[in-house]
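Chemist: Residue numbers (the working numbering), protein chains in the order written: chain A, 1 to 287; chain B, 1001 to 1309; chain C, 2001 to 2241.
Just so you know, these hints were derived from the structure itself, not from any lab. Each hint should be verified, as a subset may be incorrect.
Claimed, not checked - Some chain B residues well away from chain A (every beta-carbon gap over 12 Å; in silico):
no., residue
1, 1126
2, 1128
3, 1242
4, 1288
As the list claims (entries may be wrong) - On the chain A side, residues computed to face chain B include the following (Cβ under 8 Å):
no., residue
5, 62
6, 63
7, 128
8, 144
9, 145
10, 172
11, 229
12, 269
13, 272
14, 275
15, 277
Predicted model only: the values in this text are computed from it and were never measured. For every residue, glycine included, the Cβ atom is placed at its ideal position computed from N, Cα and C.
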Amino acid sequence: MLTGLIAQLLNGVQYGLLLFLISSGLTLIFGVMGVINLAHGSLFMIGAYLAFGVASLTGSLWLALPVAVLGGAVFGAVLERLLFRRFRTRAHLDQVLLTFALILLFEEGRSTLAGNQFHSVPVPGVLDFSVPVIGGFGYSAYRLAVLVICLIVAAGLVWLIERTRVGSAIRAAAENTEMLNLLGFDAGRVHTMVFAGGTALAMLAGALAAPLQSVYPGMGDGFLILSFIVVVIGGLGSVAGAFWAALLVGLIDTLGKAYLPQAAGIAVCAMMAVVLLWRPTGLFSRT
Amino acid sequence: MIVASRPGQCVLGAAALGIASMPLWASAWHMQLVSTALVAALFALSLQVLVGATGLVSLAQAGLFGLGAYTVHLLGSPPVWITLPAAMLAAGVAALLIGPLALRTKGFFFLMTTLAFGQMLFFAFHDTPLGGGTDGLFIVRPSLGFSVSRAERPAVFLLLNLSVLAIVYGGLCWLMSTMLGHALQGIRSNENRMAALGHNVQRLKLIAFVLAGALAGLAGHMSALTDAFVSPDLLGWHRSAEALLMILLGGIGALHGPILGAFALVAIQEAGSLLSDRPRLVEGVVFLAAVLFLRQGIAGWRLPWRARP
Amino acid sequence: MQAESLIKRYGGLLAVDQVSLSLDRGTLHAVIGPNGAGKSTLINLLSGETSLSSGWVHFKDLDISAWPAWRRGQAGIGRTFQRTNVMRDMTVLENARLAAQARAQFGLLQTAANAKVMQTALAALQRAGLAEAAGAIASTLSHGQARLLEIAMALAGSPDVLLLDEPLAGLGPEETAPVANLLRDLARDHAVLLVEHDMDVVFAVADVITVMVDGRVLATGAPNEIRTSAIVRDAYLGHSV
């Protein structure tokens, strides 16, 4: 019973960290650009399918990770330049519909290229063992690796945002876009960078998640809703907020699914409602 | 928001008569298609009360629509004169409970809060036995008070859906000409000034939210009645997004926009599945094109239909 | 209306510091001061747009200090905005009607074209000199007309108190005179608070003047006292009067 709980807690933290990778991009994209991107979950899915593709072709998952990151950055930059730049100032309704259209198009693209079945991606051989944790039970080494990788990325992200010049540009942009131009930064470049970064993070999360849960249509949906909830709870534009909120949501969702499956989804949504009642702009809101 | 002028109303009336005459000349399949469009139009119209009239973009409408549909199932399909008000009441009460919480937020947060509440309703029917399974189930139709043979069904439901839509549309036209309707439009135009003038903006928004919810429940009820099928998918946020698309296609600035948009979307979806084996791709491309190029919607292309009540 | 010891703090900054003033029907109370003196914040505190850090606001024997803006508008406190803040996509008449409607005692389901509401709205437009422009869409108005619409909307709510935030902002000399006359006229049956920069107009129409500097009240008194006050001259007026 206890070992089961520990396993679920670890799962929850790992899920939360994956969620953080996705949500951090989302919160920055909205915080900095004011754009609602419903297609973010699809980017996660694309990352997973990409990992599947690379792993099938080369037999190595490790190769998939940098491919996902670089591919994501390029893809994100292109999307921003072509589409999202024009939608920065359009109404929320338009953004919702645009990104919903993208979801449909991505789904169709995936369906054409990779079909509609479930695919499994094998865990890299070197990590295919159990690590003994407390009480003598084993926890998947791959999951621990994912946890560690996510923490490293999270730390890197926080360092980038809080300690570098680029990061202060991003933080400034989250508060006030006009300031950005006044401070001498090129707002367009910052936006492209943020979008590219967010996309890369989502796709990295997808690639990491591929061995954990199979690759299948609609795998991005659950993450999408949860990541929006994370962004709302954490506060728009706040990476720190996204971190804590993601952990919270990840834990509640995982524990809920393990012990009270019927109530898991409802519980997470209800929690968001409670947070909004208490702090209508999120726990760590900057705006 | 524009309510159609005399010539416009005449065109709408003529179209309605045309539809009403379908039992005389159209096939059962066509009548079912138009029925689907009519129910979609009613759903989109309910959302227009929030989007076009009050300026509130909500992603929870599908949840309320589905709730109305499931009410029929949960009540065990009593006669329609019980299920119809019950569906509206259930959805209205849900909106009354969600509203005060959701309306504490604005803009993006409102969108997200309504998304979350909509999903809560979805999970309530998807994850629990309430929904009868994730794929949905067939239900017994509530009795209409007179017997309807299988062959007569498409025609009867066509006329029923047409009548309900006509009544609701007429009611909303009238509502937009009242002080309430004008106040809602004032909120869409400049919420901050409306408050400074002394309007209780929160209360007005809540009234709009509950009304829209009840109408969505009505649409859900008609859907369950017509199709004799309910599924948790009815409550998914994808459906809410589709309703938003119908409003955009038809014209966000016109009360009859959602009706035009609903028919347009159903037509496009039908054409898509007939002409290609990738209907969702067609739908996605249509969405994209509409958002990129259609700022005024269909209602805006035609002769400008202006009437200031 | 009476305000006592109003304080508004933003972090370490005191935007409004211990300001007290009173407004009575039939009087036009002007507030002047350099930019950043806290005049707009003061109006926002009185109208409820901004919340008080401390102090009281009383209106007709009621303590309205904690009331939100809409409630104060309901109660009879009307205001205009420094930057024109109207319903831009609706006509002038509709704007005025919405203002009149807010205080109407009718149910919401009455037709918007209700006679009483129309009457009040048209009368307000008339008084502000906008009657001929009633059918124009608000976004098409000239700047001068837009400022008049601001005033008309505040009037259409039949308020007891009028808080006017720089109604003359951006007006040329020919447009200023009729508005100044309107202001004097309004003071006869309302309690008016006027924040303005145009000294000529202020001294011509005001019954009482309060001078604010750095969030504090420097002096309050009749125009002549203020004009001749050495303190005020040093701090603000210089040789412009």
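Chemist: Does each hint fit the structure? Answer for all of them.
Modeler: Hint-by-hint comparison with the structure:
no.	hint	result
1	1126	8 Å, violated
2	1128	5 Å, violated
3	1242	8 Å, violated
4	1288	4 Å, violated
5	62	34 Å, violated
6	63	30 Å, violated
7	128	33 Å, violated
8	144	30 Å, violated
9	145	31 Å, violated
10	172	20 Å, violated
11	229	6 Å, holds
12	269	4 Å, holds
13	272	5 Å, holds
14	275	10 Å, violated
15	277	6 Å, holds
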